[in-house]
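Sequence order for the protein chains is F and B.
Here the first sequence is numbered in this note's numbering, starting from 65 and rising by one per residue.
Here the second sequence is numbered in this note's numbering, starting from 244 and rising by one per residue.
Keep in mind that the hints are not guaranteed to be accurate.
Residues on chain B that point at chain F, a partial pick, calculated with CB under 8 Å [as the list claims (entries may be wrong)]:
1. TRP291
2. ALA294
3. VAL344
4. TYR345
5. VAL364
6. GLN372
7. ASP375
DSS-like mimics (lysine-lysine), calculated; alpha carbons at most 25 Å apart, straight line [stated by the list, open to error]:
8. F:LYS111 / F:LYS162
9. B:LYS368 / B:LYS315
10. F:LYS97 / B:LYS338
11. B:LYS338 / F:LYS111
It should be emphasised that the hints constitute simulated quantities derived from the structure, not laboratory data.
All C-beta atoms, glycine included, are put in the ideal place defined by N, C-alpha and C.
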Amino acid sequence: MSTTVENGQSTSVPNHNRQTEFAVPEVNIFETKDGYVVEAEMPGVNKSGLEITVEGQELTIVGHRNAEPVNGQALFRERRPVDYQRTFELDPAIDTAKIFAKIDQGIVTVTLPKSEKVKPRKITVD
Amino acid sequence: MNYLTRWQRPGVAWPTFGRLGSLRDEIDRLFEAPLAEFARGAQLLSGWTPALDVFEDKDNVIVKAELPGMKKDEIAVSLHDGTLSISGERKNENKFENAEVYRSERFVGRFQRTVSLPTPVAADKVSAQYKDGILTITLPKTEEAKPKQIDVKVG
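Extracted from the complex, chain B is given alone in its bound form:
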């Protein structure tokens, strides 16, 4: 009698075809698109990661995030210890009764992104605008953080 059979790994389960299709799409995209786009595509596995840009000029740090189709009150922006956090939730709206869904690519659910700010900002002067599905946050630098021109007189 053979009680001690060698443990074998269960066969690698193949993902369902639907998943395999989307993974293949992802891999195709990896080679076709810039890396950021792929990282964003990975949202299929890990939730929604809205794309964002961070800019800096001499007075402000500007953060822009793509958040299409939100309501203003569904977006929360907070600042804590030099870290800006943008979060929110897109709810699943059942707009059409008895509708058949052919494609459902738009993300529904919670998201959060945080940005470490490069310079200290005046927290009380931060403003945000939401237009055309893009959230623009303007964070004025503190006076100490602004570049200063010092005139040096050469005697």
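Bound-form chain F, shown alone:
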């Protein structure tokens, strides 16, 4: 398997009862010998608005924007007030029980360690 973490196309989820439109966050994905790291840009989301789920071999990151105070009248708007969502297919080598995430200044960093048995191992020769 060469492409192990793939991009899911999920700009809209019709069955979602709250909201049907999502922004797709920009991501960087790295693979190291220990696992994968996904960094996603979700400005306006803090820890409480972050939902990360693993279902089967799919990782879904949802970021709900925290409510911002109303600042009077809008003169100019470019920011879209929608939540973020993106789904990735996981490499079977990932130990899904050990996935962890953090969020700092709108950047979600999800670390997906590979399970011990697939990591390269040096065998000592007696």
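Once you have looked at the hints, place chain B on chain F.
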């Protein structure tokens, strides 16, 4: 002998497939997303244009910009002649050695945005806050620019 051959345009060079793919994505996005989103998507060709909102209430002009993953000291805010300028640079951090990069969509490099303010503001009272990747700049209006209630007595 035919010395004078008619000059012909070289064949239109097709972009590489990678670029073509991304252009196609951009075109798809043009029809699916609001225009502002597309304008922002055009950053692929022209650099980073952080999205911003401008609000006004009776006392302040408020500017909010999406600048995820910056450090406070990498953001510069300046005010000159009624124009607010937000600039900065996101550096390429090599966090992982010997890492294979699968996707690199996050922008790295310099950005700048300027906003013409709708009213005069008190430059010495401007404040900025950076939280959850959003920069919020509050620019108090000058006393002259604030709306005033004038009581008119009808005799």
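Checked hints:
no.: 1; hint: TRP291; in the structure: violated, 10 Å
no.: 2; hint: ALA294; in the structure: holds, 4 Å
no.: 3; hint: VAL344; in the structure: holds, 6 Å
no.: 4; hint: TYR345; in the structure: holds, 4 Å
no.: 5; hint: VAL364; in the structure: violated, 13 Å
no.: 6; hint: GLN372; in the structure: violated, 12 Å
no.: 7; hint: ASP375; in the structure: holds, 5 Å
no.: 8; hint: F:LYS111 / F:LYS162; in the structure: holds, 19 Å
no.: 9; hint: B:LYS368 / B:LYS315; in the structure: holds, 19 Å
no.: 10; hint: F:LYS97 / B:LYS338; in the structure: holds, 14 Å
no.: 11; hint: B:LYS338 / F:LYS111; in the structure: holds, 22 Å
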